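Engineer: Residue numbers (my numbering), protein chains in the order written: chain Y, 1 to 84; chain Z, 85 to 650.
Derived by calculation from the structure, the hints in this document are not laboratory data. Be a bit skeptical, because a hint or two may be false.
[As the list claims (entries may be wrong)] What the simulated footprint calls covered on chain Y by chain Z, stretch by stretch (three residues with Cβ under 8 Å from a Cβ of chain Z suffice, anywhere in the stretch; the number is not a length): (1) 2 to 13; (2) 48 to 58; (3) 63 to 70; (4) 73 to 83.
[Said to hold, decoys possible] 25 Å max Cα-Cα, derived DSS-like pairs, lysine-lysine: (5) Y/LYS15 / Z/LYS162; (6) Z/LYS388 / Y/LYS47; (7) Z/LYS501 / Y/LYS6; (8) Z/LYS602 / Z/LYS227; (9) Z/LYS567 / Y/LYS62; (10) Z/LYS363 / Y/LYS62; (11) Z/LYS245 / Z/LYS602; (12) Y/LYS53 / Z/LYS602; (13) Z/LYS267 / Z/LYS219; (14) Z/LYS388 / Y/LYS14; (15) Z/LYS388 / Y/LYS79; (16) Z/LYS480 / Z/LYS451; (17) Z/LYS480 / Z/LYS501; (18) Z/LYS267 / Z/LYS162; (19) Z/LYS267 / Z/LYS167; (20) Y/LYS57 / Z/LYS296; (21) Y/LYS47 / Y/LYS14; (22) Y/LYS62 / Z/LYS267; (23) Y/LYS57 / Y/LYS14; (24) Z/LYS228 / Y/LYS14; (25) Z/LYS228 / Y/LYS15; (26) Z/LYS219 / Z/LYS507; (27) Z/LYS567 / Y/LYS52; (28) Y/LYS57 / Y/LYS47; (29) Z/LYS142 / Z/LYS370.
[Unchecked claim] Label-pair distances were calculated between CB atoms; the ranges are: (30) Y/GLU28 / Z/LEU256: 30 to 36 Å; (31) Y/ILE10 / Z/GLU421: 26 to 32 Å; (32) Y/ILE10 / Z/GLY531: 40 to 46 Å; (33) Z/GLU108 / Y/TYR12: 54 to 60 Å; (34) Y/ILE75 / Z/GLY168: 35 to 41 Å; (35) Z/GLY489 / Y/GLU66: 43 to 49 Å; (36) Y/GLU19 / Z/ALA634: 35 to 41 Å; (37) Z/SER506 / Y/ILE10: 45 to 51 Å; (38) Y/ASP11 / Z/THR463: 55 to 61 Å.
What you are looking at is a predicted structure, and each value in this text was computed from that prediction instead of being measured. The C-beta atom is built at its ideal place from N, Cα and C for all residues, glycine as well.
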Amino acid sequence: MNQDIKNLIIDYVKKEYLEEDAEQEVNETTPLISSGIVDSFSMVSLKTFLEKKFNIKIPDEKATPEAFDSVNNIINLLKEFNVT
Amino acid sequence: MSNIDSYEERYSNFDWKISAEELEYGKNGMYNIGFYCSDRIVEKGFGDRTALIWQGFKGDVKEFTYNDIRIYSNVVAKFLIDKGVKSGDRVCIFMDRIPELYISFVGILKMGGITQPLFSAFGEEALFTRLEDAKTKAVITTKKHAGKIRRIRDRLPALEKVIIVDVEEQALKPGEISFNMEKSTPVENFEIEKVGPEVPSVLHYTSGTTGKPKGALHVHSSIIAQYITAKWVLDITSGDIYWCTADPGWVTGTSYGIIGPWACGVTQTVLDSGFNTEKWYQFIEKHKITVWYTAPTAIRLLMKDGTSAVQKYDLSCLRHLISVGEPLNAEGVIWSEQAFGKPFHDSYWQTETGSIVITNYPGMKVKPGSMGKPFPGITATVLDQKTFGPITTPGKVGLIALKPGWPSMFRAYWENKEMYDSKFKNGWYICGDRSSIDSEGYFWFVGRDDDVINTGGHLVGPFEIESALLEHEAVAESAAVGKPDAVNMEVVKAFVALKPGYEANADLELSIMNFIRKKLSPLAMPQEIEFVESLPKTRSGKIMRRLLRAKEWGQEIGDTSTLEND
Numbered sequence: 001m002n003q004d005i006k007n008l009i010i011d012y013v014k015k016e017y018l019e020e021d022a023e024q025e026v027n028e029t030t031p032l033i034s035s036g037i038v039d040s041f042s043m044v045s046l047k048t049f050l051e052k053k054f055n056i057k058i059p060d061e062k063a064t065p066e067a068f069d070s071v072n073n074i075i076n077l078l079k080e081f082n083v084t
Numbered sequence: 085m086s087n088i089d090s091y092e093e094r095y096s097n098f099d100w101k102i103s104a105e106e107l108e109y110g111k112n113g114m115y116n117i118g119f120y121c122s123d124r125i126v127e128k129g130f131g132d133r134t135a136l137i138w139q140g141f142k143g144d145v146k147e148f149t150y151n152d153i154r155i156y157s158n159v160v161a162k163f164l165i166d167k168g169v170k171s172g173d174r175v176c177i178f179m180d181r182i183p184e185l186y187i188s189f190v191g192i193l194k195m196g197g198i199t200q201p202l203f204s205a206f207g208e209e210a211l212f213t214r215l216e217d218a219k220t221k222a223v224i225t226t227k228k229h230a231g232k233i234r235r236i237r238d239r240l241p242a243l244e245k246v247i248i249v250d251v252e253e254q255a256l257k258p259g260e261i262s263f264n265m266e267k268s269t270p271v272e273n274f275e276i277e278k279v280g281p282e283v284p285s286v287l288h289y290t291s292g293t294t295g296k297p298k299g300a301l302h303v304h305s306s307i308i309a310q311y312i313t314a315k316w317v318l319d320i321t322s323g324d325i326y327w328c329t330a331d332p333g334w335v336t337g338t339s340y341g342i343i344g345p346w347a348c349g350v351t352q353t354v355l356d357s358g359f360n361t362e363k364w365y366q367f368i369e370k371h372k373i374t375v376w377y378t379a380p381t382a383i384r385l386l387m388k389d390g391t392s393a394v395q396k397y398d399l400s401c402l403r404h405l406i407s408v409g410e411p412l413n414a415e416g417v418i419w420s421e422q423a424f425g426k427p428f429h430d431s432y433w434q435t436e437t438g439s440i441v442i443t444n445y446p447g448m449k450v451k452p453g454s455m456g457k458p459f460p461g462i463t464a465t466v467l468d469q470k471t472f473g474p475i476t477t478p479g480k481v482g483l484i485a486l487k488p489g490w491p492s493m494f495r496a497y498w499e500n501k502e503m504y505d506s507k508f509k510n511g512w513y514i515c516g517d518r519s520s521i522d523s524e525g526y527f528w529f530v531g532r533d534d535d536v537i538n539t540g541g542h543l544v545g546p547f548e549i550e551s552a553l554l555e556h557e558a559v560a561e562s563a564a565v566g567k568p569d570a571v572n573m574e575v576v577k578a579f580v581a582l583k584p585g586y587e588a589n590a591d592l593e594l595s596i597m598n599f600i601r602k603k604l605s606p607l608a609m610p611q612e613i614e615f616v617e618s619l620p621k622t623r624s625g626k627i628m629r630r631l632l633r634a635k636e637w638g639q640e641i642g643d644t645s646t647l648e649n650d
């Protein structure tokens, strides 16, 4: 299940935040925010995606650049909402 | 002692000639900004001084001396000429904050081109609007961003050259040119274009309430203001290590991320990385940054992580702190005193002013929350909103206005004289912001005088967002307004009425968000979408953004007598 969630998020990041012909590899440890793949403004759309997909509400104080900085960090955040 | 020494004395007997004479501006008929940012520093004997320390997000570091900047900018200038770019052509720089961006900026100016930096996160429609308007002849970009240009190139007949700095020949698409600055043959001697002081230099696009973004055109003599404000406001001297966190896609990133610091001959640093508190503090500690120019949005994000995060690092190197982009609230000033032992000094200016016009000076009493006082050489006031006469009553709110004539004032909106002329009333340039002035002459920001949204220090035009929203298949009509945000001051909120057959739900909300993000930019992406049956309009059918905005800010909605429906 965990792997499914990882793949789901990775696929979404690739599809939405990278150019079609981008050579950049994205895996569960790739920095997302600090690398600029997802900027701080776009983080809201990623948060909305997660909320919609997993039917949760992530409070603003938990939606920090650090919490979204890699797929692994996002997985850890989702665990707080019992998404595993 | 600070560079400005006594503000009052400087203000009372200032002349822009002081700056021009220090720069030796015009000596031997040379007015080109490119010369003053590179060759002049080398001629002064500082060719070996580090001009740029660049750090990528992975921690990789590159350093360039002033002589490197001189030679590489010559390489860029010669390359452009060899490819047929001519003096006066608009050359867009569209890339992340890599060394080629900063050096190309200087190189374009050296060959007489008009440099048009654009924010690399712009989506293809935002990019198209600005390239089409400027009839841009060449774009310098990277493979990461080339895709956006490829998708719009057919619609841009004036765009002759697409230059990509990080691809080999075999990876190019038809009509593209590969250019590797560092692997090119060094150009030791280049004849810098002898432009006059009033020749256009930089074209920065900025958003308004109505219509498409406008290109604010600056001229080479703007450096007279950018140099002296960098010296007196940022207080930079030759021994400083300076960090301006702004992206050169916006005016702060060029006036004070390239021109000002390099004209002063300081070592400047660039961190090409997204925001991260720990990384930022590590960067300051590692490079021993002494002068730091950043934005209130960043300061508020740092505040969230508290003073404990600061204490993990040795930041005693920091000597002077300045902020720009939006008003710095009093809490930010007070917090920085606790966290860094010194206050952030707020500075106010805009794309059109080209340089800082109202600010808090080193050595002057900082009133937390205040914008400060006008720069020497700048006559600033607040005007009555109806009569456009100066307000003399302390504390009374009016329109911030400046007497035209300072060197870095924009000279035109690109091919839009009507809009340019509309910015001047009764002999004053109207900034579009409201403030009051207290009995001691300090300005206090109140807000915008129009519907432009200031998000994270960047102006976003509601019209551009609404036009793009209408291109989404589900949107019948829309309105974009700024709503309060604890970090970014404002963020975009969109009110959307759907076409028949579409249902408001989270899927659609996400679809619209991503549509705008890709089409325009992440800044323009609505952070919230409220689906409505219809939008409030005047009897003539104009959407009343004012009403929607007032609701978001909890303000009185004012006169609604012209409202069509409620």
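Engineer: Tell me, which hint numbers fail for this structure?
Structural biologist: 1, 4, 5, 7, 13, 14, 17, 20, 22, 31, 34
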